[in-house]
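**Student:** Now for the letters of each chain:
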Amino acid sequence: MQLSPMVNELMEALRRLPGVGPKSAQRLALHLLQRDRDGARRLARALDAAAERVGHCTQCRTLTEELVCSLCRNPQRDRSQLCVVEWPQDQWSLENSGAYRGLYYLLMGRLSPLDGIGPRELGLDKLEVRLNSGEITEVILATSSTIEGETTAHVLSEMCRVRGIAATRLAQGVPMGGELEFVDGGTLARALNDRRAI
Amino acid sequence: MTASSRSTGQATGEVGFILHARPWRDTSLLLEVLLRDSGRRGVVARGARSNVKQRGRLQLFRPLWLDLAGRGELAQLRAVEEMRILPPLQGRALICGYYLNELLMRLLPRDDAHPALFDEYTRAIEALVSATKEAPVLRGFEKALLEQLGWAPDWNMSEDGQPIEAGRFYRMDTEQGIMPCLPHDPEAVAGLSLLHLAEQNFDTAASARDIRLLLHRLLAPHLGSKPLQSRELLKLSFAVK
Numbered sequence: 001m002q003l004s005p006m007v008n009e010l011m012e013a014l015r016r017l018p019g020v021g022p023k024s025a026q027r028l029a030l031h032l033l034q035r036d037r038d039g040a041r042r043l044a045r046a047l048d049a050a051a052e053r054v055g056h057c058t059q060c061r062t063l064t065e066e067l068v069c070s071l072c073r074n075p076q077r078d079r080s081q082l083c084v085v086e087w088p089q090d091q092w093s094l095e096n097s098g099a100y101r102g103l104y105y106l107l108m109g110r111l112s113p114l115d116g117i118g119p120r121e122l123g124l125d126k127l128e129v130r131l132n133s134g135e136i137t138e139v140i141l142a143t144s145s146t147i148e149g150e151t152t153a154h155v156l157s158e159m160c161r162v163r164g165i166a167a168t169r170l171a172q173g174v175p176m177g178g179e180l181e182f183v184d185g186g187t188l189a190r191a192l193n194d195r196r197a198i
Numbered sequence: 199m200t201a202s203s204r205s206t207g208q209a210t211g212e213v214g215f216i217l218h219a220r221p222w223r224d225t226s227l228l229l230e231v232l233l234r235d236s237g238r239r240g241v242v243a244r245g246a247r248s249n250v251k252q253r254g255r256l257q258l259f260r261p262l263w264l265d266l267a268g269r270g271e272l273a274q275l276r277a278v279e280e281m282r283i284l285p286p287l288q289g290r291a292l293i294c295g296y297y298l299n300e301l302l303m304r305l306l307p308r309d310d311a312h313p314a315l316f317d318e319y320t321r322a323i324e325a326l327v328s329a330t331k332e333a334p335v336l337r338g339f340e341k342a343l344l345e346q347l348g349w350a351p352d353w354n355m356s357e358d359g360q361p362i363e364a365g366r367f368y369r370m371d372t373e374q375g376i377m378p379c380l381p382h383d384p385e386a387v388a389g390l391s392l393l394h395l396a397e398q399n400f401d402t403a404a405s406a407r408d409i410r411l412l413l414h415r416l417l418a419p420h421l422g423s424k425p426l427q428s429r430e431l432l433k434l435s436f437a438v439k
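Going line by line, the protein sequences match chains W and E. With my numbering, the residue at position 128 of the first sequence is 128, and numbering never jumps. With my numbering, the residue at position 52 of the second sequence is 250, and numbering never jumps.
The hints are all genuine.
Covered stretches of chain W (chain E as the covering partner; in silico rule of three or more C-beta atoms under 8 Å from a C-beta of chain E):
| hint | segment |
| --- | --- |
| 1 | 115-122 |
| 2 | 140-151 |
| 3 | 174-187 |
So the derived label-pair ranges between C-beta atoms look like this:
| hint | chain 1 | residue 1 | chain 2 | residue 2 | range |
| --- | --- | --- | --- | --- | --- |
| 4 | W | Glu12 | E | Pro285 | 45 to 51 Å |
| 5 | W | Glu135 | E | Glu345 | 51 to 57 Å |
| 6 | E | Glu345 | W | Trp92 | 47 to 53 Å |
| 7 | W | Glu135 | E | Ala364 | 52 to 58 Å |
| 8 | W | Arg195 | E | Asn354 | 49 to 55 Å |
| 9 | W | Pro5 | E | Asn249 | 38 to 44 Å |
| 10 | E | Ala311 | W | Ser97 | 45 to 51 Å |
| 11 | W | Arg195 | E | Glu363 | 53 to 59 Å |
| 12 | E | Pro419 | W | Met1 | 58 to 64 Å |
| 13 | E | Ala396 | W | Thr168 | 43 to 49 Å |
| 14 | E | Gly289 | W | Asp125 | 19 to 25 Å |
| 15 | E | Met377 | W | Gln89 | 53 to 59 Å |
| 16 | W | Leu188 | E | Gln360 | 54 to 60 Å |
| 17 | W | Glu121 | E | Ile283 | 29 to 35 Å |
Keep in mind the hints are simulated off the structure, nothing from the lab. Idealized CB from N, CA, C, for every residue including glycine.
All chains, please: the whole structure from these sequences, using the hints.
**Tutor:** Following this line, the structure appears as structure tokens:
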């Protein structure tokens with residue numbers, strides 16, 4: 001059936017979302033148009049405003065519509081600790097853990113030589129400026145535990161070492177509630193290596 | 199940990215390493231693998247990113263048993279298991295591992311089987327795991343790569359058919375091979391360095407730099423003009439030391 005151009009455009013636009021195929025796009029479009037016009041208008045306004053105004057914090061590079069995000073401005077945060085993560089979602093996960101009181105720096109990616117993502121592409125020079133400020137005494141390397149994440153952590157740790165800044169890496173081991181039988185060999189080896197006295 | 203001992207005895211599947219993995223569609227991975235008996239191949243691992251168990255096995259620098267289906271441009275990954283657990287590469291060794299992979303991705307065409315080169319790669323990765331010095335491992339692999347792909351000259355003889363003499367000087371011509379030259383030639387290397395190269399002696403301070411330059415000079419015309427990212431990273435890693 002021939003759909004009206006506007007309905008068609010809405011469905012095409014919804015398909016830009018990850019995991020949304022033609023069927024889901026149709027379902028979402030019909031829901032918004034038939035059952036929730038107010039929701040549709042609100043979504044449109046929110047999308048428009050966010051796409052127009054949200055940029056990156058000039059200090060930590062997280063997503064924000066302000067010049068400096070509220071976390072970086074918060075005087076309660078420990079300014080001597082800097083936690084380096086790959087993406088905003090990693091920062092949010094760490095924040096939700098409630099265990100961290102320092103500041104963040106977001107790389108917006110990780111070193112991946114074979115994809116052509118090197119130090120320049122990742123903007124490590126901006127991080128160097130931050131490290132040179134002298135405010136930071138510890139850098140927590142919270143890049144992911146993938147090969148690319150390890151490579152990134154290694155290069156960053158070298159950057160810290162030459163500046164005499166302590167670099168630490170997130171611990172790895174048996175997850176909470178995890179049974180040893182189901183933990184992979186690599187993780188178990190690390191857990192054994194990094195075991196601690198109790 | 200996995201049932202590798204059970205499956206390695208099966209007739210299907212091949213031994214291989216993953217050279218490169220990148221996300222494909224929402225949940226899949228597009229892999230570039232190096233197989234011992236079939237060479238480099240592109241492989242789709244469907245759903246691998248949402249499958250924690252499989253994602254954990256699909257790691258670089260680990261010997262894997264891979265069961266592939268399909269003969270076309272892209273094979274499908276049916277099953278994967280770890281052959282044996284190698285300790286992960288760390289720090290600079292990790293960047294060296296990337297360097298080996300980048301060389302293979304750049305220089306080895308797909309579907310071109312080189313079992314001997316695969317064995318060299320396996321040895322190099324194993325050596326990087328435990329090596330205190332990475333450079334000799336890299337030189338050994340570069341030499342093997344040049345030899346296996348038919349780009350290496352006869353290391354023991356100059357182009358005029360004379361054996362290399364330790365006290366004389368030579369330069370590497372990428373077209374013609376090893377040419378005798380005068381000591382003040384800007385590209386001159388000592389015959390001793392060439393002899394060390396021929397006998398895989400990569401760890402002598404007097405010749406290590408010459409050997410590196412010689413091997414890189416031979417690789418350069420095949421690598422193209424785009425710089426190797428891993429080499430840039432290595433420079434950075436050495437420079438800040």
